[in-house]
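Same order as they appear, the protein sequences are chains P and Y.
Going by the working numbering, 802 is the number at position 58 of the first sequence; the sequence numbering is gapless.
Going by the working numbering, 828 is the number at position 84 of the second sequence; the sequence numbering is gapless.
Copies of the same chain are indistinguishable here, so a pair counts whether it falls within one copy or spans any two.
Straight-line distance between alpha carbons at most 25 Å, and here's what the computed SDA-like set of lysine to any residue pairs gives:
# : residue 1 : residue 2
1 : K942      : A1017
2 : K980      : G850
3 : K942      : A877
4 : K918      : F993
5 : K918      : A852
Source of the hints: derived by calculation from the structure; they are not laboratory data.
2 protein chains.
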Amino acid sequence: MDILKDMERAALLIDAALSEYLSESQEGLEIITESERYAVMSGGKRIRPYLTLAFCRLFGGNDSAAIPFACAVELIHSYSLVHDDLPCMDNDLMRRGKPSCHAAFGEANALLTGDSLLTRAFSLCADNSEVDAHTRLSCISCLSRAAGTFGMIGGQVLDLYGDTHEIDFETLLKIQRLKTGALIKAASALGCLAAGVKGNDSRFADAMAYSESIGLTFQIIDDLLDDEEGSENENKTTFLTFMDRRSAFEYAERLTNEAISIANRYEGGEMLASLAEFLLHRKK
Amino acid sequence: MDILKDMERAALLIDAALSEYLSESQEGLEIITESERYAVMSGGKRIRPYLTLAFCRLFGGNDSAAIPFACAVELIHSYSLVHDDLPCMDNDLMRRGKPSCHAAFGEANALLTGDSLLTRAFSLCADNSEVDAHTRLSCISCLSRAAGTFGMIGGQVLDLYGDTHEIDFETLLKIQRLKTGALIKAASALGCLAAGVKGNDSRFADAMAYSESIGLTFQIIDDLLDDEEGSENENKTTFLTFMDRRSAFEYAERLTNEAISIANRYEGGEMLASLAEFLLHRKK
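Sequences and hints are given; from them, build the entire structure.
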């Protein structure tokens, strides 16, 4: 099976679970449950939850253990997009080809929608009865840290600063590690944990190194694609502030090769190797 | 000891723990860690965390077990105030006599500050090593539900609707139950859980009935105080839309008496009885 097919199949599983999870509503609360579904069920590629599933499978775990964690990661990713799009942040009226959440539901509802998705992520982990209690707690800790002040939110703070200030290469790397890298690593970490692989296991460390590499690759390719489209903000520091297109791609290639070599250490690691390759060559 | 002294002493414990918890920062992230401290360390009365401590004590638990949960509840309360004050919500420039978070730190930082406080609350619960793993998971589930779509956030959605629409008494009660009641009940629930009292225990049910009564009292008194100050929004539906001041106070008195009679069933329940009395007669 090729990677695209595997990702598509995984996305179907994830979407079914998310849809089920977001199906409940109550009288008077239709607008918020509708806007939550709107923000989440938007046909994303589900790369993060795929990582959760893929690492759980690689290390012999069951999909049923990984799916709630995978959904929690996707809820956090979705919330971050909703809040990122708000007028006080990136002020984006469009997201994935349709009106962003606040464009469709108003700013107050979008704010609350993001809050709600973030909040839900943690009960989804807490209620995952397929794994033991200590593992669930580790996942909640990991996710909270990855999403919080010293993870994704910290990355957004530094990124806001970078919009108006000159920053050096080290800071750019830090922004990417926090803003996108932390949640990508957490997605993989939750997959490991769902399979019973703990933080002190060398397999866990391999999953983190793999995820660090593909996370950074993801961002470099984003910068290259934005540059091609001419859609980048002129004042924004990107990898192309520090290197030409060719060097940036070669940098991403080196990172990808590291990720592939990690994946290939494991029987059944072909999908993760292909995923790294796919992210390097993606066109949007 | 009287209730004010006991609340003050508890607030010192809570504030010390919150301050310790919010003391870490990282280079470049000073603005967000500062704004988190600003939003949380603001000299609130700490009623919610007091409930967590008081119920834990009532049922024989240790303060050390309750404090992390109490702090988590207060972080969630603080986040909700930061987001509530944003321009797209209540657009409040002042909070507790000083500039609100977005007035002091800008809108984007305030948005991220709220997100961060909410996120932190869950790792604080997950990492509470003073209680067993299953109890921590119950607390996370309880807090996530109380704060989420069918709790506090749902209350805010209904409240936004009520700002511009006529609503009936039943809906007003539902708004109050969700918007302020759910987190007050969760605060008490976490205190019970910290003391080893589970959801199927009659003591837990008593704690919930007590909290329901004081939560509603709290809101009725708020409406009365706003009315005295003339600070209420003319179009806003409050308890005074449906009854005169005297009837509203009598309603609150009945609720308070219910709460007091529940507290008095327990040895050591005097503080909780006094708290109910205090909330009925508070002047701001």
